[in-house]
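As they're listed, the protein sequences go chains A and B. Under our numbering, the first residue of the first sequence carries the number 2, and numbering increases by one thereafter. Under our numbering, the first residue of the second sequence carries the number 409, and numbering increases by one thereafter.
What the hints contain is simulated information worked out from the structure, not anything from laboratory work. Note that CB positions come from ideal geometry on N, CA and C, so glycine has one too. Incorrect hints may appear among the rest.
Examples of chain A residues lying across from chain B (beta carbon under 10 Å, computed) [as the list claims (entries may be wrong)]: (1) 2; (2) 229; (3) 239.
With a cut-off of at most 30 Å between alpha-carbon atoms, the simulated DSSO-like pairs for lysine-lysine come out as follows [said to hold, decoys possible]: (4) B:705 / B:629; (5) B:427 / B:467; (6) B:527 / B:467; (7) B:705 / A:151; (8) B:467 / B:426; (9) B:426 / B:463; (10) B:427 / A:234; (11) B:527 / B:508; (12) B:469 / B:426; (13) B:427 / B:463; (14) B:437 / B:521; (15) B:426 / B:521; (16) B:463 / A:234; (17) B:437 / B:427; (18) B:434 / B:521; (19) B:527 / A:151; (20) A:151 / B:629; (21) B:521 / B:629; (22) B:508 / A:234; (23) B:427 / B:508; (24) B:467 / B:508; (25) A:234 / B:437; (26) B:469 / B:434; (27) B:434 / A:234; (28) B:463 / B:434; (29) A:234 / B:426; (30) B:467 / A:234; (31) B:521 / B:467; (32) B:527 / B:437; (33) B:508 / B:426; (34) B:521 / B:469; (35) B:705 / A:234; (36) B:434 / B:467; (37) A:245 / B:437; (38) B:437 / B:469; (39) B:508 / B:469.
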Amino acid sequence: MHLLVCIKQVPDSGQIRVHPVTNTIMRQGVPTIINPYDLFALEAALELRDQFGGEVTVLTMGPPSAEDSLRKALTFGADRAVLLTDRFFAGADTLATTYALATAIRRISSEFGAPDIVFTGKQTIDGDTAQVGPGIAKRLGLFQLTYVGKISALDLHARTIDVERRSEGGVQLLRTRLPCLVTMLEATNQIRRGAMADALRAARATILKWSAQQAGVDDISQCGLRGSPTVVKRVFAPAARNEKATMIEPDEQPAEALINAIFRCRPALEIELAALARGY
Amino acid sequence: MNTASEIGASPSSRAAAKKQLSDRFKTYKHVWVFIEQERGQVHSVSWELMGVGRKLADKLKVDLAAVVIGQEGEASQAAATESFCYGADLVYMVADDLLKDYRNESYIKALTKLVNSYKPEILLLGATTLGRDLAGSVATTLRTGLTADCTELDVDADGSLAATRPTFGGSLLCTIYTLNYRPQMATVRPRVMPVPERCARPIGRIITLPLGLVEDDIVTKVLSFLPDRDSARSNLAYADVVVAGGLGLGSSENFRLVRRLADVLGAEFGCSRPLVQKGWVTSDRQIGQTGKTIRPKLYIAAGISGAIQHRVGVDGADLIVAINTERNAPIFEFSHLGIVEDAIRLLPILTEAFRARLSPHSRDRIAG
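Turn these sequences into a full structure, and let the hints steer you where they fit.
So, in structure tokens, the structure goes:
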């Protein structure tokens, strides 16, 4: 079985700061991480491989430094890593990104066999769009399963997969056919730490680096900025709220002081809370 | 979302930054709102979208249309009727029993068929699990732009949709255009826009299209469905009172302190992102940019430092109360009431104090 996981190297957004004067992002010194949801996807792929055999390929598009994230994925146990890197890919929105990734996946298919399942995280923590997974599925004609919390069954003989998919009002148990694309909502199990053997292998492993041409891009105008229908016109900082919190100075009865302050601010809350509390 | 390199690029380097709409797109008119139904229920984000859709349509002097895709019968008819009450000039409908449950394949087919037949200029969907699944597929099928999770939508001087959304985890906002492709697509998160006033309106024009599929054409099958009302799942987005915990709680064990206070208050409990990443709390409880947006009357944040991503999710709360040991924690910048205290120490006594204060017994005493 061939499992392919798309990952993205993202800035650790918890550590991003906005410059107070220029309102620009201060990226210096901000560490990068593998998008956390992509780690759930990688874990799901590795668990299936452990259970059914086969191999796991990780793919990313990004600057040459994205190699770090691929190597990290190899330490977790992935078998092969592909980096799609070219200045033609720069500035891609989700539509252009899915064009590039789908092209690379076709090349991977012809060299290493078509993937049975393509995995992505449900979204990235920098873009948050949740659009790349569905876009890849559409471009490659794969059945699409988004917001998957659990893969409940895989039948390689019948070529079917059952998943629990989160929806707004509940959980759908879906069955579809392979090959498919799955976006992972969470990890079923704890994300593994890399084994020492994998770490050593990863350190020595060759990462395949493909330019647009090497990946098989036939229409460069669909890549990067040129291939992006969306255009960012303006970037700005959210308006600051100028009021600061009224601070309750802790005394011997901080809880009472806090509750009194809450009900002083919003007198109606006391009656509403009492009603709510009685309901439980 | 465009990548950082685009944001950093100078305007002159953007070949596509000028509007050069091709002739075939010039026939695209009107604003559409996708009315999301799940198991016969319309998601309230649809009415929220009708409010902003009406504003855009009025500015462009075009019609506002609701798009109803669902099972044939009463529920879809009711959704259409309701759409008129929320300001739709007309309704486009694909109703078929194959559309009873949401499935990507059948819904893409219905929506792209409607778009290609009736050519909307703007198409809005809720940024729900269904809306995002569908919007991503449809935008790729139509090869057009899609802006996710917008917080503001407007029309600029030349009639283009200006879609504003948070970027970099909410630390900045950016305004995105789809200048040269149609429709201009955007999703909006639930609870970000107000529900417009509902007014009784006579039934308007409903234009229907057949789906043109049989069950065998749809590979994906829904084997079963477990509704949330039968499970312990959260209703965070609509809760009046929310208590949430962050890393300041120190351990997953201590998270039960949050749950206890929530129980006493009849509240929903939530958490900040790191707790989900650490596996202490399930992702359906996460509040913030990558989690739920909440609008409660009272929000108590215990041991949450208040990263911008968290702020984005709670800004709509009526009263934000923060408990944190760090006097300089960012949460005190946007909360209304704050106390510098260790949440682990304060939560249990706060829970007991609330219990005493809110019990019927104590109310009788106050009354007497």
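Results for each hint:
Taken as an interface hint, residue 2 (chain A) does not check out: its beta carbon lies about 19 Å from the nearest beta carbon of chain B, beyond 10 Å. About 7 Å separates the beta-carbon of residue 229 (chain A) from the nearest beta-carbon of chain B, less than 10 Å, and the hint is met. Interface hint at residue 239 (chain A): satisfied, since its Cβ lies 6 Å from the closest Cβ of chain B, which is below the 10 Å cut-off. At most 30 Å may separate the alpha-carbon atoms for a hinted pair to count; residue 705 (chain B) and residue 629 (chain B) exceed this at roughly 41 Å.
This hinted pair checks out: residue 427 (chain B) and residue 467 (chain B) have alpha carbons roughly 19 Å apart, not beyond 30 Å. Pair hint residue 527 (chain B) plus residue 467 (chain B) holds up; C-alpha atoms about 18 Å apart against a cutoff of 30 Å. For the hint linking residue 705 (chain B) to residue 151 (chain A), the alpha-carbon distance of about 34 Å lies beyond 30 Å, and the restraint is violated. In summary, the hint linking residue 467 (chain B) to residue 426 (chain B) is supported, as the alpha carbons are separated by about 21 Å, within the 30 Å threshold.
For the proposed pair residue 426 (chain B) and residue 463 (chain B), the alpha carbon gap of about 25 Å is at most 30 Å, so the pair holds. The hinted pair formed by residue 427 (chain B) and residue 234 (chain A) meets the criterion: a straight-line CA distance of about 12 Å does not exceed 30 Å. Distance hint between residue 527 (chain B) and residue 508 (chain B) is fulfilled; the C-alpha atoms sit about 25 Å from each other, no more than 30 Å. The straight-line distance between the Cα atoms of residue 469 (chain B) and residue 426 (chain B) is roughly 23 Å, inside the 30 Å bound, and the hint therefore holds.
With a CA separation close to 22 Å, the supplied pair residue 427 (chain B) and residue 463 (chain B) stays within the 30 Å bound. Under the criterion of a C-alpha separation no larger than 30 Å, the hint pairing residue 437 (chain B) with residue 521 (chain B) is consistent with the structure, at around 16 Å. Among the hinted pairs, residue 426 (chain B) with residue 521 (chain B) is consistent with the structure: their alpha-carbon atoms are about 29 Å apart, no more than 30 Å. With a CA separation close to 22 Å, the supplied pair residue 463 (chain B) and residue 234 (chain A) stays within the 30 Å bound.
Taken as a hint, the residue 437 (chain B) and residue 427 (chain B) pair is honoured in the structure, with Cα atoms around 16 Å apart against an allowance of 30 Å. Distance check on the hinted pair: residue 434 (chain B) and residue 521 (chain B) sit about 19 Å apart at the alpha-carbon level, within 30 Å; holds. Restraint check for residue 527 (chain B) and residue 151 (chain A): the C-alpha separation of about 38 Å exceeds 30 Å, so the hint is violated. Annotation: proposed proximity of residue 151 (chain A) to residue 629 (chain B) holds, straight-line Cα distance about 16 Å (limit 30 Å).
Among the hinted pairs, residue 521 (chain B) with residue 629 (chain B) is consistent with the structure: their alpha-carbon atoms are about 22 Å apart, no more than 30 Å. Straight-line distance between C-alpha atoms of residue 508 (chain B) and residue 234 (chain A) comes to about 40 Å, which puts the hinted pair past the 30 Å bound. A hinted pair counts as satisfied when its Cα atoms are at most 30 Å apart, and residue 427 (chain B) with residue 508 (chain B) does not qualify at roughly 40 Å. This hinted pair does not check out: residue 467 (chain B) and residue 508 (chain B) have alpha carbons roughly 35 Å apart, beyond 30 Å.
Between residue 234 (chain A) and residue 437 (chain B) the alpha-carbon distance is near 23 Å, which keeps this suggested pair within the 30 Å criterion. Proposed proximity of residue 469 (chain B) and residue 434 (chain B) is supported: the alpha carbons are some 15 Å apart, at most 30 Å. Proposed proximity of residue 434 (chain B) and residue 234 (chain A) is supported: the alpha carbons are some 22 Å apart, at most 30 Å. A threshold of 30 Å between alpha carbons decides the hint, and for residue 463 (chain B) with residue 434 (chain B) the separation of about 21 Å falls inside it, so the pair holds.
Restraint check for residue 234 (chain A) and residue 426 (chain B): satisfied, since their Cα atoms lie roughly 10 Å apart, inside the 30 Å limit. Pair hint residue 467 (chain B) plus residue 234 (chain A) holds up; C-alpha atoms about 20 Å apart against a cutoff of 30 Å. Distance hint between residue 521 (chain B) and residue 467 (chain B) is fulfilled; the C-alpha atoms sit about 27 Å from each other, no more than 30 Å. A C-alpha spacing of about 6 Å is found between residue 527 (chain B) and residue 437 (chain B), which places the hinted pair at or below 30 Å, so the restraint holds.
The straight-line distance between the Cα atoms of residue 508 (chain B) and residue 426 (chain B) is roughly 42 Å, outside the 30 Å bound, and the hint therefore fails. Restraint check for residue 521 (chain B) and residue 469 (chain B): satisfied, since their Cα atoms lie roughly 25 Å apart, inside the 30 Å limit. For the given pair, residue 705 (chain B) sits about 35 Å from residue 234 (chain A) by alpha-carbon distance, which is inconsistent with the 30 Å threshold. Our distance criterion of 30 Å between C-alpha atoms is met by residue 434 (chain B) and residue 467 (chain B), whose separation comes to about 17 Å.
Annotation: proposed proximity of residue 245 (chain A) to residue 437 (chain B) is violated, straight-line Cα distance about 46 Å (limit 30 Å). Only pairs whose Cα atoms come within 30 Å are accepted, and residue 437 (chain B) paired with residue 469 (chain B) is accepted, the gap being roughly 10 Å. Restraint check for residue 508 (chain B) and residue 469 (chain B): the C-alpha separation of about 34 Å exceeds 30 Å, so the hint is violated.
Checked against the numbered hints above, the structure violates hints 1, 4, 7, 19, 22, 23, 24, 33, 35, 37, 39; every other hint is satisfied.
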